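> Listed below, chain by chain, are the residues.
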Amino acid sequence: MDTRQLILDTAVKIFSDHCDKALWDAAEQGEFAHALWQQVAENGFHLLGTDASGTDAADLFAFLKVCGRYAVPLPMAEVLLANVWLTQAGKTASALDSIGIASATGAVQVPWGRRATQVLAVSPDSHGIALLQLPAEIATGQNIAGEPVDSLTAAESGEMLQVTDSPYAQMALARVNLMAGGLQTALDLGLQFAQERSQFGRSISKFQAIQHSLAVVAAEVAAAQRAADAGVDALGSDRFVEEVAAAKARVGEAVGIVAEQVHQVHGAMGFTYEHRLHHFTRRLWSWRDDWGNEFYWQTKLGASLAGLGADQVWNYIATRA
Amino acid sequence: MLQFDRVSLSPESEALREQVREFVAAHRDHMPRPNSDFVTGHDAEFSQKLGQQGWIGMTWPAVYGGSDQSNFERLVVTEELLAAGAPVSAHWIADRQSGPLLLRFGSEAQREKYLPGITRGESYFSIGMSEPDTGSDLASVRTTAVAEGDAYRINGTKIWTTDAHRNHYIICLVRTEAPSENRHAGLSQIIVDLRNDGVKVRPIRNMAGGEDFNEVVFEDVLVPKDRIVGEPGNGWQQVTSELAYERSGPERFLSAFRVFVELVRICGDNPSPHQAAAIGRIAAHFMTLRRMSLSVAGMLEQGKDVVVEAALVKELGNNFEKVLPEIARLVVPDLCANDPARHKLFRETFSETLMLSPSFTLRGGTREILRGVIARGLGLR
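Chain order of the listed sequences is A and B. When we follow the working numbering, the leftmost residue of the first sequence carries the number 1, and every step to the right adds one. When we follow the working numbering, the leftmost residue of the second sequence carries the number 1, and every step to the right adds one.
A portion of the hints provided could be inaccurate.
Stated by the list, open to error - Computed list of lysine-lysine pairs in DSS-like fashion (alpha-carbon distance at most 30 Å, straight line): (1) 304(B) to 206(A); (2) 225(B) to 113(B); (3) 113(B) to 304(B); (4) 49(B) to 113(B); (5) 322(B) to 206(A); (6) 206(A) to 21(A).
Don't read these hints as lab results, they were simulated from the structure. Since the structure is predicted, the reported quantities are computational estimates derived from the model, not experimental observations.
Extracted from the complex, chain B is given alone in its bound form (with noise of 0.2 Å):
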């Protein structure tokens, strides 16, 4: 049976909310349309910000510019950043994954080369996962990196590359061995300088006429051998332990959160029984979503192997970031109405919201993957 055990956070962590609620409040300026999808929103200056505060790679060893924090603490702050719709997308996926990937599998040099920088809030990663013709079936990577004396030789096309126009690295999953009966073999992780190491990014348009994600393509790349993570040919294993960080957190379920502060605006203090009713339900919602990515978070902390927890609470999570708008555009008076100027604030948020939903259930691992990764936990695969 999963089990999402109770757990309740220390006083030093709710102290430390008051702090970044106040350093919000004092950086208003930075959220002029807050959204909290944590894709939205790359402030490099916002970001650096949070590094001097030292709320970046909060969990990681002092000697790398960490503050040796425990998981609660880092969720306290990034919980509270996305519920304020707070620019993150800078730092957020070294924060949440490169960073930890490095602390677990990369060399000495590796993270006094890498780590400071991620949490000064200057130094931004990219994930090289997905190529044109590999999506969920990751294994099928085809990009190669040849070794040639001291160098890797890289060349193949990575592809919907969040941010990869704006950050400094990118971590590819690579093959390093030719495909063999075993397709988890061969595989590794590398690090390319995309501003320095002669990568081509084109960024794509998305339906929401943002440019967040890139094409990244690789033509005879060459990058010194020192920049594999871990043991060549261990890449599976990197990649499979690296997705539990990215699929656990409350970026997870909070994504369309800024749409639920809207609504609330809008019903007033006195609502009708059905906006009560919508609103209620999205809090009791919100409420439970907390309360297991708070478990998961307490298991991680723990050292256990959350594969299968996180799958689920990314399930849970993303299916109700795109059920939220639907709730709450019912119950909104007028919405069809053609006056751009009423409930302005809740029609931008609401509309921004709705156009990226569709990624929700994608990134990080679609809806039919998880419910596979959760099928597996329940005995069925």
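Okay, chain A solo, but in the shape it has when bound (with noise of 0.2 Å):
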């Protein structure tokens, strides 16, 4: 078994023992999940993607995506691209790293800024990195689906890190397997139900209106895990941008579909707080506003486009497989 193969295994086997309803409920109370990070930090996966840890960045967003099935309420994509690129400018990685979105007023948006150890500030279109000063001024908030996300103001400017890969679209990319992950377990949660709720005598599966809602999802799910992989192999080419323009666009799409299907086959149980279902969509909702919506890269994907002319965009589509 190769080594990604394992890391993903392990990953399986803990998330599926501690990722449930209770934990997802108290991390919205916002309650840090120490025994699931305490599970993380020994198994070494806060540091995929690092060169000591021996594995690639391919290695990370596999992780993530498994991350994304199991709605693991912790900032793991934060967190690993963190110490990936702080140890690349040869700086320590400790233990709780985040990364946030930089804004115009100086605020960062940092998922779990109020734990983190060090703070990284993205923005778009820059391959430069802020190092955020701490102590920073923190106004705490929750994104939609109920995750830690804190608006933290440095007193004064830190240091600047650089990398090769747009820091801005590696964290969009962080976000399309987070989705990717999430989609198939809507999916699977979509069937699990459909096979056991009856109605008018019969299981609701054997109906045709849901077997087809649930194809349609099948169908989104499946385009979603393959944009995916098309963005986690453009890293390092002249294209990443480009791909994870479309890798985001593509699955922010998805998700749009996947949520409204998937809910309207769970019917009210889906609708309660009681049911599960909910931690997944809605972070679903949250993951594709996030690092720029289908708009924001759809416009991107397109300008090149433009750029190139008409009797280019064939060769631009048929040009990576």
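Got two chains here, each in a separate frame; can you build the complex from them with the hints?
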């Protein structure tokens, strides 16, 4: 078995043990998942993709897909990429590093910013990353999935790091992989519910209307997986930003369709707080807006293609497998 | 879980792509109005030229005129021709599914008789599946072929038969035994000569004004017994395997491609944000669909059963083909202006594609049938 599969299998084992309704509920109340974090750290997952770990960026993104599948209530994308970038710059990866989006006002929106040991601020269209001077002024907040996203304002500007592949696009790719994983679970939950729920004396999975809804969901989920993989394949290439643009745009579109259809299949049960489905759909809705929504990335990709001209668009599409 | 693995093309395949592009560039006179819909553009001369290049029946053994290449090489040729809007309708069905069907189930004599003509781009086939009372419910076909000495006597009607009025042969799904409890039993496939066996072919005008599909009537048509393909009674299994080829190719997502090309042309190199977003949205779909289609080609190459994956790519691809013109039209300025000269090429391509678009989710298996196939793959049926 190859290293990546071993990592992913271990992750699945740990996450399926820990990630349940109680943990997601607690996280939404602002409780940090200490036991889970300890497992993550003990297995060295927080250092995936760093040179010292002997794993690469593709391993890191494959791991994030698994995190999405289990709605892991930790800022794994931020921890992982922060550690990769910090170690590349010759700095020490501390435990819970995080990454936020810099805004024009100087505030940085940081997942779990309240617990972050080091914070990196990323801006669109820049390869530079600012290392925030801590402590910073913190205004706590949450995204629509109830995940902590805090607004940090530092008194002084910090040191700048440089990375090769656009850090903004790398964060978008992280969301793409989280979404690809979350979409898979949304499909699985829909299939499971349709087979368990009975109406009119038979399983609702036997109704053509339900079958067709889930077929649409399966098609979107399959497209999302393929689009996410293509984004990862483009790491280090001249088309990295554009491939991430295509992936984020395509997967974001899938989220809207899948969330809508899977909720419809679940009926009122899936609309209750008690059900687990919303822990996935609300995350998916949040993630599609993080680090550039569909319009943002469609515009980027479209502008590139327009620059090539009408008679080059096919070549562009057919160039990369 | 449905899996669409990464597939990359070999340098040889990419070199072939360049050859196809050069060929297309040298034959622009065959494409006065490029259209990426595989059904439009029946051009025997162009098909014969493709045959001379060795680009028809590419995956078949050389002994039948093929060139023993992989599904990937075939994919490169077909996607390049479709994207360019080349006229490929004449040989398309024979290359895609009639030939592979004969290779897999046909007799040696049939292969020797029919395949070389197909690879030369001279011999064209139609699909005889649908009937006036048989569409999605294919097993309900009523056309009969009754054994009579050395012949079969065929009676019945086939319909929506693309290019029957210009093609040479039709492979019909017929009942060779009376219906029984097992509705998939007693069906066979039989080759009929559209020009010499006495069938009546009546073109049916479509809503776009074109005459591509037909009604084909069989009244006591006698054909030699050796026209049966495979084992008599094995028709259902054969037809099902044929459908995987029919459903998985790039023609299932590229039909509206030229509308995209003309949209990009209109938008120019300084598009508005909404135009750029429309272009980017369409491109993101194409990039993903093409990769999924490549994955299916890879699975076909490995001899895997791709019935569900092919249905899934067709479902996504056909829906997208219909959405593409809808996305495009909203960002073309003054499309509504009553000036036919403005955006002429876009208008023509757009309106032609829009009028053909209802067929995209019907031909080769309706959306409803495909979703049923996917649902079965998901374990829901």
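> Now, for every hint given, state plainly whether the structure supports it.
How the hints compare with the structure:
1. With a CA separation close to 28 Å, the supplied pair residue 304(B) and residue 206(A) stays within the 30 Å bound.
2. The hinted pair formed by residue 225(B) and residue 113(B) meets the criterion: a straight-line CA distance of about 15 Å does not exceed 30 Å.
3. Under the criterion of a C-alpha separation no larger than 30 Å, the hint pairing residue 113(B) with residue 304(B) is consistent with the structure, at around 29 Å.
4. Between residue 49(B) and residue 113(B) the CA atoms are separated by roughly 21 Å; this keeps the pair inside 30 Å, and the hint holds.
5. Taken as a hint, the residue 322(B) and residue 206(A) pair is honoured in the structure, with Cα atoms around 29 Å apart against an allowance of 30 Å.
6. With a C-alpha separation of about 29 Å, the suggested pair residue 206(A) and residue 21(A) falls inside the 30 Å cut-off, and the hint holds.
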